[in-house]
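Note that the UniProt record's numbering numbers the sequence shown so that position 30 is 30, with each residue one more than the last.
Hints were generated in silico from the structure; no laboratory data involved.
Note that this is a predicted model, so its numbers are computed, not measured.
Just so you know, even glycine gets a beta-carbon here, dropped at the ideal spot from N, CA and C.
Heads up, a few of these hints could be off.
As the list claims (entries may be wrong) - Label pairs and their computed distance ranges (CB to CB):
no.: 1; residue 1: Ile13; residue 2: Arg327; range: 49 to 59 Å
no.: 2; residue 1: Ile41; residue 2: Gly138; range: 31 to 41 Å
no.: 3; residue 1: Asn151; residue 2: Asn366; range: 32 to 42 Å
no.: 4; residue 1: Thr415; residue 2: Val346; range: 22 to 32 Å
no.: 5; residue 1: Lys412; residue 2: Asn366; range: 18 to 28 Å
no.: 6; residue 1: Ile41; residue 2: Lys192; range: 28 to 38 Å
Said to hold, decoys possible - The list that follows gives simulated cross-link-like pairs (lysine to aspartate or glutamate, EDC-like), each with its CA atoms no further than 16 Å apart:
no.: 7; residue 1: Lys150; residue 2: Asp126
no.: 8; residue 1: Lys144; residue 2: Asp167
no.: 9; residue 1: Lys186; residue 2: Glu209
no.: 10; residue 1: Lys192; residue 2: Glu215
no.: 11; residue 1: Lys336; residue 2: Asp370
no.: 12; residue 1: Lys330; residue 2: Asp286
no.: 13; residue 1: Lys144; residue 2: Glu215
no.: 14; residue 1: Lys105; residue 2: Glu124
no.: 15; residue 1: Lys43; residue 2: Asp10
no.: 16; residue 1: Lys186; residue 2: Asp167
no.: 17; residue 1: Lys105; residue 2: Glu28
no.: 18; residue 1: Lys145; residue 2: Asp167
no.: 19; residue 1: Lys183; residue 2: Glu134
no.: 20; residue 1: Lys154; residue 2: Glu124
no.: 21; residue 1: Lys176; residue 2: Asp126
no.: 22; residue 1: Lys154; residue 2: Asp126
no.: 23; residue 1: Lys152; residue 2: Asp126
no.: 24; residue 1: Lys144; residue 2: Glu191
no.: 25; residue 1: Lys183; residue 2: Asp167
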Amino acid sequence: IVWGDIALIDGNINAQGKDIAKTGGFVETSGHHLSIDDNAIVKTKEWLLDPDTVTIEAPSDSRQNTRVEDELPGGTGDADTPKTNGETITTLTNTTISNFLKNAKVINITASNKITVNSTINVEGDSHLILWSEGKGGGGIAIKKDILIKNKEKGLNLTVYSGGWLDIYGNISVGKLGNINFKAGKDIAFEKGTNQTITGQGVITSGNEKGFRFENVTLNGTGRGLYFNLSRPGSNNGNIINHFNGTLNVSGIVNISMIAPDTKPWYNRHKGRTHWRLSYLNVSQDSKFTLAIDARGRRGGDGGPLAPNYDLNGISFTKDTTFNVGRNAKVDFDIKAAVGVINNHVNLNYALFNGNISVLGGGSVNFALDASSSTIQSPGVIINSNYINVSEGSNLTFKTEGSTKVGFSIKKDLTLN
1 IVWGDIALID
11 GNINAQGKDI
21 AKTGGFVETS
31 GHHLSIDDNA
41 IVKTKEWLLD
51 PDTVTIEAPS
61 DSRQNTRVED
71 ELPGGTGDAD
81 TPKTNGETIT
91 TLTNTTISNF
101 LKNAKVINIT
111 ASNKITVNST
121 INVEGDSHLI
131 LWSEGKGGGG
141 IAIKKDILIK
151 NKEKGLNLTV
161 YSGGWLDIYG
171 NISVGKLGNI
181 NFKAGKDIAF
191 EKGTNQTITG
201 QGVITSGNEK
211 GFRFENVTLN
221 GTGRGLYFNL
231 SRPGSNNGNI
241 INHFNGTLNV
251 SGIVNISMIA
261 PDTKPWYNRH
271 KGRTHWRLSY
281 LNVSQDSKFT
291 LAIDARGRRG
301 GDGGPLAPNY
311 DLNGISFTKD
321 TTFNVGRNAK
331 VDFDIKAAVG
341 VINNHVNLNY
351 ALFNGNISVL
361 GGGSVNFALD
371 ASSSTIQSPG
381 VIINSNYINV
391 SEGSNLTFKT
401 EGSTKVGFSI
411 KKDLTLN
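Given the sequences, and given the hints that come with them, work out the whole structure.
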């Protein structure tokens, strides 16, 4: 364990057991200001890096000629005013991380505030990279560049935990034997990338704020697939807010399943909304995409009268969407509603279709609403579309069940082709 308020690592650290894969060892380098040079070599089973804030950059000439004035900008160096470090920021190079993973099976990079990946990390395979931020002070983790495995037949276990937010702008690929495990205390965003692609299997969990944001993303769910959910144990926040923008491409198995906690009061499960602004959903042949929202809470927990401004944890299709679904592929929208009394608020709905819908490619798209209650009448589905086109042997199914006052309310002339 090497710790200092300022810790500069530029040499070799060897903590190997007889068999590095089984018996050895552990290295920790930590401090408020932690500098790891590109030529540092650590041979061990697990290496923990633990400063306040971490930034992962590409190598630069400026890092090789760091002056005392740069590293220790405060004070004059005498007894009364000793030299001090500046902001508690740590910079690691991407090649350093990649080289570490050649010699260490596990690298654990932690920060109390924020981790930023500004340069691509390439991993050989059969290793474990952990990025762990407590998210203090409004912090989180920003993966702005790629994290990739070179040998697709091997596996990178990629664990990312943020006590705050998690923003992913780069590509992620963990290989055939790898696993993705992402968890955030707040929202998770896949956006701002260029043809961003996430490839692997595993679980991605958002926390106690809103939900997920997707914009122009490709999700390749290999093996068991990619499973997106939320975790809010003991929370009274049952409002689910998701955003889908641009184009979403799907292959393999992708399941986005949001289950609201059982809240008190009941109306805390009636104010979220999923906003579907996709122009295209492209699903490859033999693949499956599921978007499920369950806001019911405990069984028998029907709510009271609904206010006219409630969003009901429903979904709004606000743009024209083309569902390009390949043969033997399937798209399922499954809404299980938090039931409340509609009264005369006829514009309340669990699903709103304002855009036109086209389905092609030979696969199937299914939309199902369950708003079941034995005692009250609830909202249903509103369709404001001009047309619905289904072609190339494709199938589109709409279904409601339960105690909706009106299952489907078609507001204007609708052409079904």
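Here is how each hint holds up against the structure:
1. Ile13 x Arg327: 49 to 59 Å: This hint holds: roughly 55 Å between Cβ atoms.
2. Ile41 x Gly138: 31 to 41 Å: holds, 35 Å
3. Asn151 x Asn366: 32 to 42 Å: holds, 38 Å
4. Thr415 x Val346: 22 to 32 Å: holds, 24 Å
5. Lys412 x Asn366: 18 to 28 Å: About 24 Å separates the Cβ atoms of Lys412 and Asn366, which means 18 to 28 Å holds.
6. Ile41 x Lys192: 28 to 38 Å: holds, 35 Å
7. Lys150 x Asp126: holds, 11 Å
8. Lys144 x Asp167: The given pair, whose Cα atoms are some 8 Å apart, holds under the 16 Å limit.
9. Lys186 x Glu209: Holds. Lys186 to Glu209 sits at ~5 Å (cutoff 16 Å).
10. Lys192 x Glu215: holds, 7 Å
11. Lys336 x Asp370: OK: Lys336 and Asp370 at ~5 Å, within 16 Å.
12. Lys330 x Asp286: Given that 16 Å is the threshold and the Cα spacing comes to 8 Å, the pair holds.
13. Lys144 x Glu215: holds, 14 Å
14. Lys105 x Glu124: holds, 11 Å
15. Lys43 x Asp10: holds, 14 Å
16. Lys186 x Asp167: Cα-Cα ~10 Å, so holds.
17. Lys105 x Glu28: holds, 14 Å
18. Lys145 x Asp167: OK: Lys145 and Asp167 at ~11 Å, within 16 Å.
19. Lys183 x Glu134: holds, 12 Å
20. Lys154 x Glu124: holds, 8 Å
21. Lys176 x Asp126: The hint holds at about 10 Å.
22. Lys154 x Asp126: holds, 6 Å
23. Lys152 x Asp126: holds, 10 Å
24. Lys144 x Glu191: holds, 10 Å
25. Lys183 x Asp167: holds, 11 Å
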